[in-house]
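A.B. asks: Line by line, the protein sequences give chains A and B.
For the record, in the first sequence the residue sitting at position 24 is 24 according to this note's numbering, with numbers rising by one throughout.
For the record, in the second sequence the residue sitting at position 77 is 77 according to this note's numbering, with numbers rising by one throughout.
Treat each hint with caution, since some may be false.
[To be verified] Derived Cβ-Cβ restraints for the label pairs, each shown as a range:
#	chain 1	residue 1	chain 2	residue 2	range
1	B	K48	A	R72	58 to 68 Å
2	B	L20	A	F134	17 to 27 Å
3	B	F273	A	V67	29 to 39 Å
4	A	S139	B	A236	48 to 58 Å
5	B	F273	A	S56	26 to 36 Å
6	B	Y243	A	N132	55 to 65 Å
7	B	V258	A	N132	41 to 51 Å
Please keep in mind that the hints were generated in silico from the structure rather than gathered at the bench.
Just so we're clear, the structure is a prediction, and the values are computed from it rather than from any experiment.
Quick reminder that beta carbons are idealized off the backbone N, C-alpha and C, glycines included.
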Amino acid sequence: MIRFTRVTKEYPRLGAALSNASFSVAKGEFVFLTGPSGAGKSTILKLVYMEERPTSGEVRVGGLSSVTIRRREIPQLRRRLGIVFQDFRLLEDRTAEANVAFALEVTGTPRNAIANKVSRVLTQVGLASKANSFPRELSGGEQQRVAIARALVNDPLLLVADEPTGNLDDRATRGVFQLLREINASGTAIVMATHNLDLIRRSDYRTIELNRGQIVFDSSEAAQAALERFAE
Amino acid sequence: MPAIRDALFATRRAPLLSVLSITTIAFSLFAVGLFGLVVLNIRAALEKVEERVEIRAFIAEKTPVEQIALASGEVAKYPEVQRVDLVTQEQALERARRELGEFKDVFEAEFLPPSIDVHLKPGYRDPESVHRVADRLKALTFVDDVRFGDEWITQLYRLRNIAGIAGIALGLAFAAVAVIIIGATIRMAVLARSREISIMQLVGATDGYVRRPFLIEGFVKGVLGGGLALCLTWIAIRIIGGYLSFQTVFFDQTVAVVGIACGALIGLLGSAFSVGRHLRRV
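Chain A extracted, bound-state conformation (with noise of 0.2 Å):
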């Protein structure tokens, strides 16, 4: 599902963000990204969503390669992908069903379509009833799961989240992982990048944890083996 081979990142005056990483992420599988600030947790994620480009190295998602990948194929890989920020990136002037909505609209998917699976992916999240609210009027843990119905409209092969529990309280952030966990369980990888060790000791995921750019820990006793099954 996801390749990253000897993939370092710099940014011009920031230096690297991300030294000579390599790992890889099969499909259907739970990752967690975790480390301090600045590790390079999120510019794992942007690598995957083509949002950056590696400075050296090779990054693979879902067969497309950020060596030959062109612009305009970037749109395509997003939409086989879901991304779900902290700050939820919700348009604050539509309602949770057109925001939801709007992710269907750009791959030019029929109306009547629409309406069938934003009603779905609102059951699923939970937020049947919440659909002509507005972000405003959500708390924090019902615009997350707005955001992760958008993420999951277009039935992605991979979600991946930076974050996404970091501005909710205790309570949310259970609901929204248990939903992640749910959605997992349905097929779906999940690259999530998070703080949150709580999170971490509680399921048993796998976990890759960054520190200066470099990943220090990867707890998949079976890396090399997701690495051979990629490369097959």
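For this one, chain A is given, so just place chain B on it according to the hints.
C.D. replies: Same frame as chain A, but now just chain B:
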């Protein structure tokens, strides 16, 4: 269509910014339009003065009337000539008395020679053409003298050239300033929506999808700004005309449509450029 709806959303979300964009386009084009009208009116005034350019060929004494009439017919066939008036001694006297009323008693019958007055077509009233026709008239055997206000025509033509060059240079400068101001305003509108653009891109919107509502918005703002500029120009020229008691000339229908189309084009290109630049950076 989502692009039209998104453009409407954007206008509704930031009505002040939209009004600012439209008024900026309107006032920028108004400045260009007003300047264009000043140039147009100066040109119209100069054309009226130019209509008075004529060459007067005085006929030698005792030239048979038939010969003069024949020669007039020949002169009228010159490509530069619009009209030829044959002025007899009596008509010359009458005209002198009319034009120089205070000296009317000075003039006596047969005091003034007959002449043929040659009026030139528009485009042939420059010093070179006037000299060319005058030289041909001088070559006629029965012509005593040719007068055409050499210095006056040269000055008039110089004034016309200065007005033309100044008009083009200042017009281009005004237009460039207008494009820069409009571009900056549209860029501001694009930056105000940078968050929305990044969200669009994250959910897989293509550059074309992101660009479309901005182009529609830019086009509509341009048309509205152009229309408003035309109204403002019309009101301004009416006020100026009334104040100066001067018969002013306004743009004809084609120029008015071109003006609005220019507004639309500036709005469209300004948006395309601004959003394109923004997309290349993200």
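A.B. asks: Run every hint past the structure and note whether it holds.
C.D. replies: Each hint tested on the structure:
Taken as a hint, the range 58 to 68 Å holds for the pair K48(B) and R72(A), whose Cβ atoms sit roughly 60 Å apart. For the pair L20(B) and F134(A), the supplied restraint of 17 to 27 Å holds, since their beta-carbon distance comes to about 26 Å. A hinted range of 29 to 39 Å for the beta carbons of F273(B) and V67(A) is consistent with their spacing of about 31 Å. Taking the beta carbon of each, S139(A) and A236(B) are about 56 Å apart, inside 48 to 58 Å as hinted.
Take F273(B) and S56(A): their Cβ atoms lie about 34 Å apart, and the range 26 to 36 Å holds. Taking 55 to 65 Å as the suggested C-beta distance range, the pair Y243(B) and N132(A) conforms, at roughly 58 Å. Taking 41 to 51 Å as the suggested C-beta distance range, the pair V258(B) and N132(A) conforms, at roughly 47 Å.
Of the numbered hints stated above, none is contradicted by the structure.
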